Amino acid sequence: MSGANNYAHSLICRNNHAMIPVLHYYMFVFYFGSETDEICGVMTHDARSCMDKPRKRGAKWTNMHIAPDEEIETFELDYDGKRDRWNGYDASTYSRVIERYEARDEAR
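So the sequence shown is residues 1 to 108, counted in the UniProt record's numbering.
Because the hints were derived from the structure by calculation, they are not lab data.
Any given hint could turn out to be false.
[As the list claims (entries may be wrong)] Quick list of the computed label-pair ranges, beta carbon to beta carbon: (1) Glu76 <-> Asp105: 40 to 48 Å; (2) Arg48 <-> Asp105: 49 to 57 Å; (3) Lys56 <-> Asp80: 44 to 52 Å; (4) Arg85 <-> Asp52: 27 to 35 Å; (5) Glu38 <-> Glu102: 32 to 40 Å; (6) Gly88 <-> Arg108: 44 to 52 Å; (7) Arg57 <-> Ala103: 51 to 59 Å; (8) Met51 <-> Glu76: 36 to 44 Å; (9) Ala47 <-> Phe75: 24 to 32 Å; (10) Ala107 <-> Thr74: 29 to 37 Å.
Predicted model only: the values in this text are computed from it and were never measured.
Backbone N, C-alpha and C define an ideal beta-carbon position, used for all residues, glycine too.
All chains, please: the whole structure from these sequences, using the hints.
The structure is reproduced here in structure tokens:
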């Protein structure tokens, strides 16, 4: 094998455009932007609402250990959907709880 062919696989990996959606999915940030949190470097919240431990020198000054942005879920619910107390309730889970208590009572 010649020396030029040894690095051919790394050039293919670097130029592979299929890797871009994977990196975009995790929303990596490699630098500190203007509207980011000073402590962790996330753009989805500010320093007052940050839940990370305050560091001596945060991401603003070190430009290191910048956390990926959180993905905020949005739900489009109507008037009744917002006030539905039973949203997401599954009756089969409660029936399993009842079966467990009945099995415990029978074991006594």
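Quiz item: What are the numbers of the hints that this structure violates, sorted from low to high?
Solution: 5, 6, 8 and 10
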